[in-house]
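Engineer: One line per chain: the protein sequences are A and B, in this order.
Numbering-wise (the numbering used here), the first sequence opens with residue 1 and increments by one.
Numbering-wise (the numbering used here), the second sequence opens with residue 1 and increments by one.
Simulated from the structure, these hints should not be mistaken for laboratory data.
Just so you know, same-sequence chains aren't split out, so a pair can sit in one copy or run between any two.
Listed next, the in silico DSBU-like pairs over lysine-lysine satisfying Cα-Cα at most 30 Å (straight line): (1) K19 / K686; (2) K493 / K258; (3) K423 / K375; (4) K2 / K583; (5) K542 / K396; (6) K9 / K493; (7) K583 / K396; (8) K287 / K148; (9) K258 / K19.
Number of protein chains: 2
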Amino acid sequence: MKSYSVIGKRVPRVDGGVKATGEARYASDLGLAGLLHGRILRSPYPHARIIRIDTRRAERLPGVKAVLTGKDLAEADYSLELGAEPAVAIDKVRYAGEGVAAVAATGEDIAEEALGLIEVEYEELPPVLNAGEALKEGAPRVHETLEKNMAAKLLYNFGDVQQGFRESSYVREDRFTTQGVHGCYLEPLISAASFDSQRRLMVWSTTQGTGRLRNTLAATLRMRQGDVRVVGMHMGGGHCGKTRIFPQDLCAALLSRKAERPVKIELSREEAFILNRGAQPTAVELKTGVRADGRLVAIECKLVADTGAYFGGNLVYGYTFGTCLLSAYRLPHFRYQGYLVTTNSGPCQAQRGSGATPARFVIECQLDIIAADLKLDPVELRLKNALRSGDTTINKSRVSGCGLSDCIQRTAEAADWKNRKGKLPPGRGIGIAAYAHPTAGSNTVLPSGYSSAFVHVHQDGAVTLVTGANEIGQGSSTVLCQIVAEELGVDIKDIRISLPDTEVTPFDWGSMGSRTTFLAGNAVKAAAADARRQVFELAAGKLGVTVDELEAAGGQIYVRRSPEKRVPFTAIARVSQLAGSGKPILGSGSYCAEDITERNWETGEGDMGSAFSSGAVVAEVEVDKETGRVTVSRVTLAHDCGLALNPMAVEGQIEGQIQAAAGQAICEERLTQKGVLLNPSFVDYKMLSATDMPQVIPVIVETVDTSNPLGVKECGEGPQGGIAPAIANAVYDAIGVRINDLPITPQKVLDALKERMLKGTG
Amino acid sequence: MKSYSVIGKRVPRVDGGVKATGEARYASDLGLAGLLHGRILRSPYPHARIIRIDTRRAERLPGVKAVLTGKDLAEADYSLELGAEPAVAIDKVRYAGEGVAAVAATGEDIAEEALGLIEVEYEELPPVLNAGEALKEGAPRVHETLEKNMAAKLLYNFGDVQQGFRESSYVREDRFTTQGVHGCYLEPLISAASFDSQRRLMVWSTTQGTGRLRNTLAATLRMRQGDVRVVGMHMGGGHCGKTRIFPQDLCAALLSRKAERPVKIELSREEAFILNRGAQPTAVELKTGVRADGRLVAIECKLVADTGAYFGGNLVYGYTFGTCLLSAYRLPHFRYQGYLVTTNSGPCQAQRGSGATPARFVIECQLDIIAADLKLDPVELRLKNALRSGDTTINKSRVSGCGLSDCIQRTAEAADWKNRKGKLPPGRGIGIAAYAHPTAGSNTVLPSGYSSAFVHVHQDGAVTLVTGANEIGQGSSTVLCQIVAEELGVDIKDIRISLPDTEVTPFDWGSMGSRTTFLAGNAVKAAAADARRQVFELAAGKLGVTVDELEAAGGQIYVRRSPEKRVPFTAIARVSQLAGSGKPILGSGSYCAEDITERNWETGEGDMGSAFSSGAVVAEVEVDKETGRVTVSRVTLAHDCGLALNPMAVEGQIEGQIQAAAGQAICEERLTQKGVLLNPSFVDYKMLSATDMPQVIPVIVETVDTSNPLGVKECGEGPQGGIAPAIANAVYDAIGVRINDLPITPQKVLDALKERMLKGTG
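The following block holds chain A by itself, in its conformation from the complex (with noise of 0.2 Å):
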C-alpha cells in the first residue's frame, strides 16, 4: 500500500476546538436585524379534510406579521413533487402533527398566542395507520392519485429462483417485521429565511444536505437556483433524518416573503419526532433456498414498508433494502419485490443505511436459523458464501477489493467467537451477523451524484478547502482538510476548510448515502491535485528539473531522486503570488464515480455501483429472564472502509452506529396511538444513553479499492445493518427464542419466553 503522511493518521478533529468552546455556531445561534419568530399550528388528527380557517384574529394580534394557510400556496409561484409535504396542508391533513397555518411574529411568545387565535374547522376522515391495512381493496386513499396508496414499487429479479429453490436442499421461509425508529440528532430542526425585494431568498437551515435544499426550494418556490441562497452553518447532526427538505424550510422562506422581514422558526423537539422522517416499519417475507453444505442458491424476499404520509417520490428506502438483501453474498438467483406504501402516519424516510438494517437483519437472522436447522457454524457459513474480490454480482456488480472474509474471521478472532460461541452460561448469548454496503456516491442512486471543489493556496503558503460538502457531526472536514494536506505535502495545521453556501461553495449536494468522503473526498483530492500541479510547475521552474521528476511532503517540494534540491512549499505560494504580478494557485475540481451505467432503481438492473463496504459483528448479551431486559454487553465490529483516511474518524463511525442500531435492536420504537405519536421526547423514546453503551471492540480492516481514485468505500452506514442482526441471533443464543420483530423488548422476550415455556409444557 502506498505509504501517506497525514493520511491514515489519527488526527483530531479540525472543528473540535470551536466546538468544544462553544463558538461554532449553530442556526440556533443566528441573529439576523428585524428578525420575526414563526410558529407552526398542527392538526390533532392524522387524517382530516380541512373545511374552513379563520385567521383574521390572529391577523389582528399585534405583534403578527404573517399568516400563512394551505390558501396561499394554490399560487402560481408554488409546485410540489407527488408525495412532498406542502409547507402547510393545503386541502386536507395526512398525519397527526401535519402544519396547517404558520404565523410569523416579532416574539416567539406572540406567534404562539397567534396559533391559538386560528380557528380551523375539520372533517375527520377514516385514517388508515399501517401499510398491511392501506394495502387492502376500499382502504381510504393517503393521496388521490395513489390506488391502494402505493407509493412506490420495485421488483429485482436475477436469474430463476423457483429453479433456484428447486435445486436447494433445504428451503426456509420466515417472516420479519420492524418498527419505526427516529433519527434522534440532538440538534432540533431550525430554519430561517430572508426575502428581498428583488425576491431573492437566503436560507439558513439544520440541513444535511445544502446544495440538495437549495434546488429543492428553487423547484418548489419555482426559482432561479441563483436566486435562492442555502447558508450552511455547523450542525448538530442528522443520521438521514435531515436530508430533505422540511415544511418549516417552506413555511420560513413563505412567511418571509409575505411580511417581508427574515423569519426564523425553532421547532420543538416534539416536532421533531412528529415530523419524523425516520426509518420506516417494515414487514418483511423471506424465503431462502441453501444447499446441504450451506451455500446460498436462492433468495425471494418481499418487503411492505410503511413510508408514512408523505414521501416525496423517495425510492431510496426500497432500492437500499433491496441492494443490501443482495451485497454480502454469492447468490445465483434472486427475486425481490419492494412495496413502500403511503399512510396516515408521521412522514418515513431513513435512518442510516436507509433500508439497510431491516434487509441485514432478515437476511443475517434467517442465516442463523438455517446455521441452527444444518448444524452449521454461523462463522463458517458466512465465510463459505461471503463474496470475494473479483466476483461480480447477480446485477452487475463488479466487487474490487472485498474485505468480508477478512473482516468474518477477524470479527470472529477479536470476539474470541471459537471459545464463546454455546460456551457462554446461562442467559448470556453471543451472535455473529455480515454486511456490505453501496456507497451511494457509486451509483446513481440520486441525481447530481457529483462534488467539486476549491483549493486556495493564499500568498503565506496557508490553504483554505473550498467546499460544499456538510459537515454534520461525522468528522468529515478533517478527513477532507486530510486529504489537501497530503496531496500538498504540507501539514494538516495549515489547512482552512469553508462551511458550504451555495452561492459560493461549488456545488454538492450534501451530506447523505455515505457519499461525502468517497465524492467530496474524491473531489477535494482532484482540486487539491490541480493547486499542486501549479505549485510543481513553479517549482520545476526553480530546481531546474521537471515536474515528474517532484514530490511534496514535509512542507517541501523536493527532486524524488535527489531529495537535497527542495523549495518549501510557503515560498512557491509567495514567489508565484507576489513576483511581478502574481498569479493565483486556484485549484479546482469534481468527481462523479467513473464507471456508472444507466441503470433502473425499479428493477435493479444495472450496475449498483463500485465501492462497496463490507463488514462482520459479533455481539454479546445479557438477558435478564424476570424482566426479560436485554443488555448488549460487548460488540466486535471490524469494518473494509477501503483506505482508512483517519482510523480515529472510522473507529467514530462504528461507535456511533453501535449506539444506534443497538437501540433499534432492543429499545427504541415511535409508539402511536390511532395516529398520534405517544412518545415524542428524549424521556419516553428510550434510545441508549452512555451509561448503556456497551464495551466496543472496532476493528479495521483495509482492502486496496481501485474504483476510485482515493481508494476509499463508506463507513457510515454499512456497519448499522449488521450490528442489530447480530444482537438479535445473540439473543437467540442466550435465551434460546428468537424474536424476529425489532426492536426486541422486554415485554417481547417475556412473551416468547412464556410461549416456548407453555409450548415446553404442552
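Using the hints provided, position chain B relative to the given structure of chain A.
Structural biologist: Same frame as chain A, but now just chain B:
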C-alpha cells in the same frame, strides 16, 4: 469593432434594487451575538511623548471588557511596516487625533465614558507641520529612523533635460501648490472583528480592498492568511480613502482577542476627517522648455508632498505624480524628483487618481501660460504634443489605441471652444486641460497585481459570478455581470454576483488604482470563457458539430453557419449536471497584465504599463469679482476608456469626478491650526453639493486597445486629473490673473485681483 449584446449597453445597476430599498447590508448594519462596542481615545497634541497611561479606572467601569494601549502592541505577535500607523500609539503620538488607547464595552455609551476615565500624561514635543519645515536641517523627527523626515524619494531621469532646455526656444518656470483634501465618502469608517479560541480572526470593515486588508492584518498580527477572514459588505464609497488598513481595524481585532468577544468600532464623521488618508498637500517646481511652435522639449519637475504622520511605505503618490507628468505628451527629455515628507499632520495617502491631480494641474496650467506667452491656441498646443497610437514614451510605455487627440478635438467641439474662447463676457472664462492615466492594474504598482474569479453555472442555467472584487459604489458589479452575460450569451438577469469574502472568493487585492474593470474584468472574462468552453463541449456533442463552430447569444448555443441548429443554454446546464451522475460547470480564471516587465518605482524605469486612458476637459466658470467666488458653470469632458462596457457607468464616473475635482479646484481643503484639524465635518469642510454642480457634458471616445482581452482602460481616476487645471485655466481666462495654489478660494481670487490692481496702478 466587435458587436456585443450586453456589453456596451446602458445596463442599470444590478445592486440598485437592494440599495434603493435599504435592504443592502452595510458594515453599520452588522449585528453579532455578544457584540462589544469599541471607542478610541485620541491625542490632543500633534507630537508628544506618552509618559504614562493609567487605564485602571476605565477597566473597573462595569461593562468595560477590554482596554488596549501601546504596551499591548509590544507583544511578539505584532509587527509594523515602517511608517504604518499602529493600532494605538506605542511610545509617542505623531498627529493630533492619533489613538492612544481603545476600549471595548457592552455599550457605546459605556465605552465613551471609559475613555474619560483613562489618564494620559504627555510630554509635548515640537511638531513639524509642513513638508518645507520638515526638510530643514535640525527639524524635529517624526519617525526617529527617517533622516530629514524623508518618507520616500523618487528620481526619474530620461534623456537629458539640460540639453533639452538648451535646445528650447522658450523655457518657463513656475511654482504651484495644492492643499490637502479628504475623500468625503458618504459611509463613515467601521470595523468589526471576532477572534475565536482557535485564534482565527473574522473581520468586517469598510474597506476598498478586502483581499489587501486580509493580507495586511495577517502580516501585522503575525497570523497565517488562512486564519484571517475578511468579509465584504456593501460599501458607501471610498475614493482612495479606504484602500489600506486603518488603526480601528487593528483595534477591533486586538480588543476582540483580549475580550474574547466580537468588537465593533464605528467612527464618527469627525474621526474619518481626522484619520484622513486623503490627498497630500504638495509644492511643485516646474520648468518646461518648448520649441517656437510649442512642441515640448524638456520638463524638469520637483515635487515635495506632505504625507502626514503615517504613510506605510507608500510610494504610490509620488509614482503616479511622475507617471502622470509623462503620460499625455510626446517628450524627449524628462527629469523628476519626488520627495514624500512625513510631518505631524493627519496621515495622507491619496484621493482619486493619487498624484494625478497635482501633476496634471501643474503641467496643464503651465502649458496654458506658455500658450499665452507664445500666442498659441491652447487646443492646438495640446494637439501638437499629444501622444498618438503606436508611440512609445520615453520610459518605454507602449501606447496602443490612444484616443487623446480625438478627445481634445471632440471636447473642444462639444464645448464650442472656437466661439467661446476669448469671447465670453467679463467675469466668465473657459479653459482646457488634457490628461492620460495609467490603468494601475496594467503595471506593477501593486504587488499581487492579479485578479481571479469563478463562474458557477447552476443546474437550471442561472449563473453566479464569484469574485473578490470590491463594489464600492462605482458600479463594478454591474459591469462584471455584463461581461459574464456577454461571454455566455445569456441575459444580464441570469447573472448573480457574490460579495467578496477572503475565505471563499478567489483572491482580489481590492478596488483601487482603477484596477477593477481591467484586472477583475479580464479575470471574469477568462472564468466565463472557461465555463463557456464546458457548455460548448456539451452542446457540440448534442448538435453534432465541433466547438469552434458554435456561438452563444440570446440564451442559445447555435451553429454559426446554420443558426437554426441550436440548443438552449438552460438545457445544456440541466443535462450536463443532472444526467447520469452529472458534472459541474465551473469556470475559473485569473488575469494579470500580459506585458509586465520588472520595473523600479524609484527610478521610473521600465514599462509603466499598457492601457493608458486619456481625455480632455473644457471648463467654464463665472467669477464674482465682488466676493471672489468662483462658480463652475459647465464642464465638458471627453474620455477614452477603450471599450465602454457600460456607457452609463462611464458617465457616472465622469460626473463623480467632476463633483470631486471641481471641489478640489475651488473649495475643498483640510484647514488646520497648530496641527489640529479645524473643519472635520461636512458643514465646515465645503464640497460641491448637488445644487453646486455644473452642467456636465460627458463624451465617451471609444478606442481599440489590444493590450488586454477586454480592450478596456480605466475611467475612474484619469478624468479627475484634468478637471482642476481646466477650471484654473478658465479662471485665468475670466479674470486675467493666475492662481497657482489650489483650491482657488474667494480670498485668493480677491487677493490676486487686489495685487493686479496694485501692480496696474503701481
